[in-house]
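**Student:** Listed here are the chains, written in short residue letters.
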Amino acid sequence: MEFKVRAYRFNPETDEKPYYKEYAIEDYPGMTVLNALIKVKSELDGTLSFRRSCRSAICGSCAMKINGISKLACKTQVGPEIEKFGMINVEPLANMPVIRDLIVDQESFFDKIKEIKPYLLGQREDDAHNSFHPLKDGEKISQPVYYKSEFQNLTGNNDTPNCILCECCYSECGGVVGNPKYLGPAALAKLYRYSEDPRDNDKNGSRLVNGSKPDGMWDCVHCQSCEEFCPKGISPVKSIVKLHERTIKNSITFSAGSKHVVSIAKSIGETGRLDEIKVAFDSGGISGLINDLPMAFGAGLKGKIPPLRLKLIKDMEDIRLAYKELDLEEK
Amino acid sequence: MITYAYYPGCVAQESGKELDNATKFIAKKLGINLIPMPEASCCGGGVIDGFDKNLKLFINGRTLALAEKEGLDIMTICNTCTLTLSEVNEELINNPESMEKTNEYLAKIGLKYSGKVKVKHILYALRDDIGFDKLKEKAVKSLKGINIAPFYGCHILRPSTAVKFDDVENPRGFEELIKSLGGEPVSYARRTKCCGFQTILVNETTSTSLAGNAIYEAQEKNADVMVTPCPLCHLSMDTYQTVAAKSINKKLSLPILHLPQLIGIALGGDYAEMGFSRHNVSLRGIMAKVRQNEI
Chain A
1 MEFKVRAYRF NPETDEKPYY KEYAIEDYPG MTVLNALIKV KSELDGTLSF RRSCRSAICG
61 SCAMKINGIS KLACKTQVGP EIEKFGMINV EPLANMPVIR DLIVDQESFF DKIKEIKPYL
121 LGQREDDAHN SFHPLKDGEK ISQPVYYKSE FQNLTGNNDT PNCILCECCY SECGGVVGNP
181 KYLGPAALAK LYRYSEDPRD NDKNGSRLVN GSKPDGMWDC VHCQSCEEFC PKGISPVKSI
241 VKLHERTIKN SITFSAGSKH VVSIAKSIGE TGRLDEIKVA FDSGGISGLI NDLPMAFGAG
301 LKGKIPPLRL KLIKDMEDIR LAYKELDLEE K
Chain B
332 MITYAYYPGC VAQESGKELD NATKFIAKKL GINLIPMPEA SCCGGGVIDG FDKNLKLFIN
392 GRTLALAEKE GLDIMTICNT CTLTLSEVNE ELINNPESME KTNEYLAKIG LKYSGKVKVK
452 HILYALRDDI GFDKLKEKAV KSLKGINIAP FYGCHILRPS TAVKFDDVEN PRGFEELIKS
512 LGGEPVSYAR RTKCCGFQTI LVNETTSTSL AGNAIYEAQE KNADVMVTPC PLCHLSMDTY
572 QTVAAKSINK KLSLPILHLP QLIGIALGGD YAEMGFSRHN VSLRGIMAKV RQNEI
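Keeping their order, the protein sequence lines are chains A and B.
Numbered per the numbering used here, the first sequence spans residues 1 to 331.
Numbered per the numbering used here, the second sequence spans residues 332 to 626.
Warning: the hint list may mix true and false statements.
What the hints assert, rightly or not - To give a feel for the contact side, a few chain A residues facing chain B, derived at Cβ under 10 Å:
1. Pro12
2. Glu13
3. Lys17
4. Pro18
5. Glu22
6. Ala24
7. Glu26
8. Val145
9. Gly178
10. Val221
11. His244
12. Ile264
13. Ile286
14. Gly288
15. Asp315
16. Tyr323
The set of hints was computed from the structure by calculation and includes no laboratory data.
For every residue, glycine included, the Cβ atom is placed at its ideal position computed from N, Cα and C.
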């Protein structure tokens, strides 16, 4: 069956603006989008540019937008896409500048990965071990080495080490759309992975403190796109939420985001409900309230002001017991 | 008559009361029996697991158990409540350890949960249990000639491991509903993107620029009105619309309806019954169009 590939084209050296070019090709059973693009490049248009390497969904090179969603071209079959969308529309990943056609500049993404220090922190006490040296006969590596399953059991961190840095999550992330400086799902999932590693020697909690700064973990918009569209089945958003929990349990609560979550938990513990006014005040403080005053005033004129004092839910003692059972009363 | 345990969520009972009122209005017209849940607590606003993951299980496990005790499924009108209750339901059904731990707490308050409750957002409860045909049958006004931009938001679509109502890559439920009422669904890319509400009190510019981009795109596609299935999206899109316009430095003026209000006007609800005076962006233009569309 013949089908249409509609490809985003842009060469900044020759094109004033991006455009789309269509190619008609024949499919075959099991054909992937990457197969289709290779066919276009080798038989119809050698100038179409895209990254690719392993063809096995392990290198992450061929990530691109396929019919509007960030996917690995090598892992996406043509058949179901045609069935759903009638064609194959390919575009470069979002949230990164385009170098040419389907190739994006990955620098900002990798800068953010570097920013979270994706390696074990800490210095060994013994100076002799600080420089690399070949192991002598019978000498063992003194730092513990964990098998993957042991690591998973120790940390509950069962998916983030599988990340292939393909940038699908980063491309789909609502937080990065709204704030290009936001660290993004892949870097934050890595931050969580290292913060949970028993070999990491982060004595002063710097990972959680740095991750709580503006543009960090609290800028996640919880859109769930990173989990939904990760081609490796990883859930960065769940790692980010675990980072939130770990940060609050370690009393690192200087950020507006942590104050927001604590305030919601407190409100439910007191009334069973979410107290919109109190949560707004606790999260943004006086400056936040002043900033929102014109909007709040406008809403107030329309009668859209929540009650100042909330009625407790029926059987409120049930909720209090939940907090007591979980030892959360003082938090 | 179909009966649900009705879980409106906090915002629809506080700043977004017009949503609760419109839902009750259409339920009455369609013969849906909504049983209130005065004991139900807040779901945790989509962020409570960032405080304590077991607290999320306990308080939402309790809500599910309250519905199960009555032998009812839960109907929600908020995306985030839908996702939170659905996630907890999935966790309890699929993880015996979580179910046991939650039931130990529930036993102390005289409840038990076995996993029988289904959590249904009103959009999909109407599609699956009532049928959009019935809406068409009961409508007294047509939405003909009105370009309606459906804004799905995140939490009735993603993650599809927890909320399984529609095709996450190309959902159609909202468009089918609009068509059944005679309206013209507007197709635009950001219909399934995030409104940014979860960070509105944390990083307002990030948040409102997301809402602004979606409104702007719908406006550019000639939408007369945008409709949201979630009161949190509605706050971002309507209450914060002027802030959103500043964030993206564009002119925005698009009326935003709650989903039950859209159905409500087709079922004959008037300006006051739908609580339109509580909206930031005026709906008079839309109502004038609908008034001419007597069926």
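**Student:** Indicate, hint by hint, whether the structure satisfies it.
**Tutor:** Results for each hint:
The interface hint given for Pro12 of chain A is broken, as the beta carbon of that residue sits about 23 Å from the closest beta carbon of chain B, more than 10 Å. Interface restraint check: Glu13 of chain A against chain B, minimum CB-CB distance 28 Å, threshold 10 Å, status violated. A least Cβ separation of about 17 Å between Lys17 of chain A and chain B goes past the 10 Å threshold, and the interface hint is therefore violated. The closest approach between the C-beta of Pro18 of chain A and any C-beta of chain B is roughly 15 Å, which is over the 10 Å cut-off, so the hint fails.
Taken as an interface hint, Glu22 of chain A does not check out: its beta carbon lies about 19 Å from the nearest beta carbon of chain B, beyond 10 Å. Nearest Cβ of chain B to the Cβ of Ala24 of chain A: about 23 Å, over the 10 Å cut. The hint is violated. This hint is violated: Glu26 of chain A has a C-beta 25 Å from the nearest C-beta of chain B, more than the 10 Å allowed. Annotation: interface hint on Val145 of chain A violated; nearest CB of chain B at approximately 29 Å, more than 10 Å.
For Gly178 of chain A, the shortest C-beta to C-beta distance to chain B is roughly 3 Å, which falls under 10 Å, so the interface hint holds. The criterion of a C-beta within 10 Å of any C-beta in chain B is met by Val221 of chain A, whose closest approach is roughly 5 Å, and the hint holds. The beta carbon of His244 of chain A is positioned within 10 Å of a beta carbon in chain B (closest approach about 3 Å), and the interface hint is therefore held. A least Cβ separation of about 5 Å between Ile264 of chain A and chain B falls short of the 10 Å threshold, and the interface hint therefore holds.
For Ile286 of chain A, the shortest C-beta to C-beta distance to chain B is roughly 13 Å, which exceeds 10 Å, and the interface hint is violated. Taking 10 Å as the C-beta cut-off, the interface hint given for Gly288 of chain A holds, the closest approach to chain B being about 7 Å. The beta carbon of Asp315 of chain A is positioned within 10 Å of a beta carbon in chain B (closest approach about 5 Å), and the interface hint is therefore held. Interface hint status for Tyr323 of chain A: upheld, as the beta-carbon distance to the closest one in chain B is roughly 7 Å, under 10 Å.
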